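For reference, the chains in residue letters:
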Amino acid sequence: MQLFPCPFCGDRDEREFHFAAEAGKSRPDTTGAVSDAEWATYLYAQRNDKGPVREVWVHLTCAELFVLERDSVTMAVLRATPLRQDPA
Amino acid sequence: MTGRRIEAGGLIDRAARLNFSFDGRNYTGHPGDTLASALLANGVRILGRSFKYHRPRGPWGAWFDDPNAMMNVRLGRDELPNCPATTTALVNGMSARAVNAWPSAAHDIKGGLDLFHRWLGAGFYYKTFMWPNWHLFEPSIRKMAGLGALEMSGIEGHVTDRVDDVCDLLVVGGGAAGLSAARAAAEAGQGVLLVEDHPELGGGLYRRGTPVDGQPPVAWVAEQRHAIEAAGGRILTGTTAYGVYDHGLVALSEDRGFAKAPRLWRMRVRRAILAAGATDRPLTFANNDLPGIMAVEAGLEFLGRHGVLVGQKIALASNTSFGDLAAERLEAAGATVRRYDPTARPLQGIGRKGLEAVRHGRYRYDADVLLASAGWTPLVHLWRHAGGKLRWSDALSAFLPGDPPEGMAAVGAANGTFDLDHAVEEAGCVATGTPLPQPRTRYHIAPHWPEPGGEGRQWIDFQHDVTLKDVEQAARENYTSVEHLKRYTTLGMASDQGKTSNMAGLAAMAAIQGRPIPEVGTTTFRPPFVPVPMELYHGTNRGQQFHPLKRLALEPQHRAAGAALGEYGGWLRPAWYGENPMTQAIRDEALMARQTVGVLDASPLGKIEVMGPDAEAFVNFIYYNTIRTLKPGRIRYGLMLTEGGVVYDDGVIARVAADHFVISCSSSHVDGVTALLESWRQDGNDPDRIFVHDCTAHWATITVTGPEARRVMRALDLPVQDVPHMSFCDAIFAGRPLRIARVSFTGDTSYEMSVPTGSALALWQAVKEAAEGRGGGPIGVEALSVLRAEKGYIMVGKDTDGETMPHDLGFTGPREKKKAAFVGDRSLHTATANASDRRQLVGLAVEEGAPALPTGAHIVTGGERPASQGYVTSSYDSPILGRPIAMALIAGGHARLGEEVTIWHMDETRSATITAACAFDRQGARLDA
Ligand SMILES: [Zn+2]
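The listed protein sequences correspond, in order, to chains A and G.
Mapping to my numbering: the first sequence position 59 is 59, numbers consecutive.
Mapping to my numbering: the second sequence position 711 is 799, numbers consecutive.
Derived from the structure by calculation, the hints contain no laboratory data.
One or more of the hints may lead you astray.
Claimed, not checked - The calculated DSS-like cross-link candidates involving lysine-lysine, where the alpha carbons are at most 27 Å apart (straight line), are: (1) G/886 - G/638; (2) A/50 - G/140; (3) G/907 - A/25; (4) G/477 - G/198; (5) G/477 - G/401; (6) G/557 - G/441; (7) G/348 - G/401; (8) A/50 - A/25; (9) G/401 - A/25.
From a predicted model like this one, the values you see are computed outputs, not experimental measurements.
Please take these sequences and the hints and turn them into a complete structure.
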């Protein structure tokens, strides 16, 4: 059971969080032309990196979404950043 | 007689007697005994039968390392299967039976299976029972080769309570090393928790029997306990650390007595010191599984802890320097001890139902017990759970803790520090972070491992009956990786998880292949370290505590009105009212709502406020439908989609002001929709310009529906003339705010009235009274389901599935015309979304006089092999129409109105005609009547 740091609440049990998305993915502008391939990539392609990853997680109990940097191999938590301060 | 109780010594209370039975015979023991120690004290040797061959077995170990003595134990009304006799504390009145043996462990009718061992080697079942199908044979094989039978009645109150806690330092193991570490750390000001799995502290001190710091073990242990507690440290005995998980979480199981669920401690630790000790590993020789052959440390443990001398003529075969102390101890207790060097020449056990003699090379010696050890194996399980590495020590012939996992250190025997004084010194240093002395050891071992090609049946895994020959066979068939070896032979897969067998197994494989042991490696160590009840993982995460029902403010009124309550989307809601049978009650309520007026508690309907300068653009993006053009005071029906274009929710949205909306989603989707809104709000928008607040629970909603609804409203003196269909107005009821919304889920004139939850009672009473005065009354969720189905109104998740897109439901407008981006938009224009055979929502009419279609029945093609073209999603008897109605998702359904189709259900076929989804009042004349 991991401990994740919510930028709003501090360290809490993993069970209180949900994975939301891989960070850095942006939604294609659907008011213009978007190819099938581009849309499929947006919907389904995940990097699923081995090692350091940047992900958006949500702390269910306070509803805060934030960027969580962690290591998918060692399970080390590297950093948590509020979404609104994230340059990406 | 072999084993007997000695006059003095051990931790048992000789003054008190406990009565118990084993396989139907009565015995006595003392407090401080385990089932195994008490049986050995009574001279019983056979405590169980092996899993596969039904070989007679006695205990090999004296604690969790015993794979043999498994029992079903009954105490009063409670029975537990598969209790290890060596770890089950004796309680007065216990009756135990050996598992996998009938009528008793001593006389097992399946013992004859052992004669067929030649054909029952590794992979026998896999190879023999493949044709035609393993599953034909599995039940009888499982019955023959099984463990204890389950008592199906269960144990009342067998519920784990869970404690979440933290500590600076967790010390695992209350032996000399653990006590020393805990004391040093506690006296240095650390918040220490010491756990010990035995009921008493002291670990291996009782089997050694030698003084510590000049004090006898019992006195020394008492002094350490006092010092630790005086310094603020905590101690939990009878508590096993059985798993180490991410980020310093250690799971502890605290024994609370027989047939009581253990307490689960979820301990978050900053640092842990592993002082779990080491166990003897078996010697591999012919007939090494005979009752009477046990670990050296087990013989000493029964002696030192339980006051039981396990044999009178003891053969001692050990390849380590610890053998000297062992012999001394046993002789002092009154046994004759003869020592054998297992490395000098092959050993063989002789005897049929128990050891009678030992053959050593050409010589044969009588013995009732053989204590054996092939060396010590440090207990590194938790170290590996935590991700620590192992290193091979040639000097100790063992895997030792290597590179440490974060926050963990190992001391004492668990670290290969086998000498008592060294272990105590090391523990103190590690606990306080002072430099360690140079490693040194007086322990000596002459390495001895299984020798392939040896004579007779040499057991590697006692519990699963895996022999050296099985390992050789696995190697021949190329199952040479230890993980393959394990799965092919089931070596190490019994309930002891290879605590005694893994080292011998991998050493055998190494010897067969001529590879060094560290190159062969170990299998993966996984929690739990010892078997724990499933209950420990379950605990209070059950029923209402796991998934609490949401309760209506008006529940007492519904109960008083005779409601049958049921769970709908997480809410406890009235399904119907009154004493009539279900079908009758639902029919009467549905008809009443059509003829006069029905009153429904609709409080669970979502009420999610969305506010802020960007709220309009936001909801316009969230909804499939255009919301931007909605005027304040008006309401619009809309769908929410996933990004995959699939319908996620339907509901209405009301615009309160230019920058203020209220989303009324399905009752069961409130949490999901709120999370979805938050997700888009924070990830993709400026969260300071949009605010989302779920206030579903703050408002109670009561709906009146039916031709008399308007008159009910007038009777309550509520302003109805200002509220056209799909609009709302704010009013005051009994001095409190009231919002009246004109939306309809029945197709009849309906008013949804929301008041602060605290005012629900007054509104409910007034509305109910007015309705009853007009021949109406309360209706439950079931009647509402009929009413909405008559109109072809969908319930998302019932009349839609994971592929349904809005145009499949007939909502094509936004897909074709909406210019602004919205969730799921691009997915509505793929080849899949444009396919002509999409399953579309339609109605079904049955033949005159035919009963309702079963929900879930398939619409099928004709021909030899009918294929599904869709299925019935909702089906009811419509009381107002006097005939069954149904909705279905059917391939290309919208273009097939009027077509007769075949319906298949449970091998029966019927026919039905495709119609529009709406079966009642297709012109909508009743909506604003
Ligand atoms: Zn939080």
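Against the structure, the hints come out as follows:
For the proposed pair residue 886 of chain G and residue 638 of chain G, the alpha carbon gap of about 21 Å is at most 27 Å, so the pair holds. Annotation: proposed proximity of residue 50 of chain A to residue 140 of chain G is violated, straight-line Cα distance about 43 Å (limit 27 Å). For the hint pairing residue 907 of chain G with residue 25 of chain A, the CA-to-CA distance comes to about 23 Å; that is within 27 Å, so the pair holds. Under the criterion of a C-alpha separation no larger than 27 Å, the hint pairing residue 477 of chain G with residue 198 of chain G is inconsistent with the structure, at around 44 Å.
For the given pair, residue 477 of chain G sits about 42 Å from residue 401 of chain G by alpha-carbon distance, which is inconsistent with the 27 Å threshold. Of the pairs offered as hints, the one joining residue 557 of chain G and residue 441 of chain G holds, with about 22 Å between alpha carbons and a cut-off of 27 Å not exceeded. Using a Cα cut-off of 27 Å, the hinted pair residue 348 of chain G and residue 401 of chain G is violated, with the two alpha carbons roughly 40 Å apart. Between the alpha carbons of residue 50 of chain A and residue 25 of chain A the distance comes to roughly 18 Å, so the proposed pair stays at or under 27 Å and holds.
Between residue 401 of chain G and residue 25 of chain A the CA atoms are separated by roughly 76 Å; this puts the pair beyond 27 Å, and the hint is violated.
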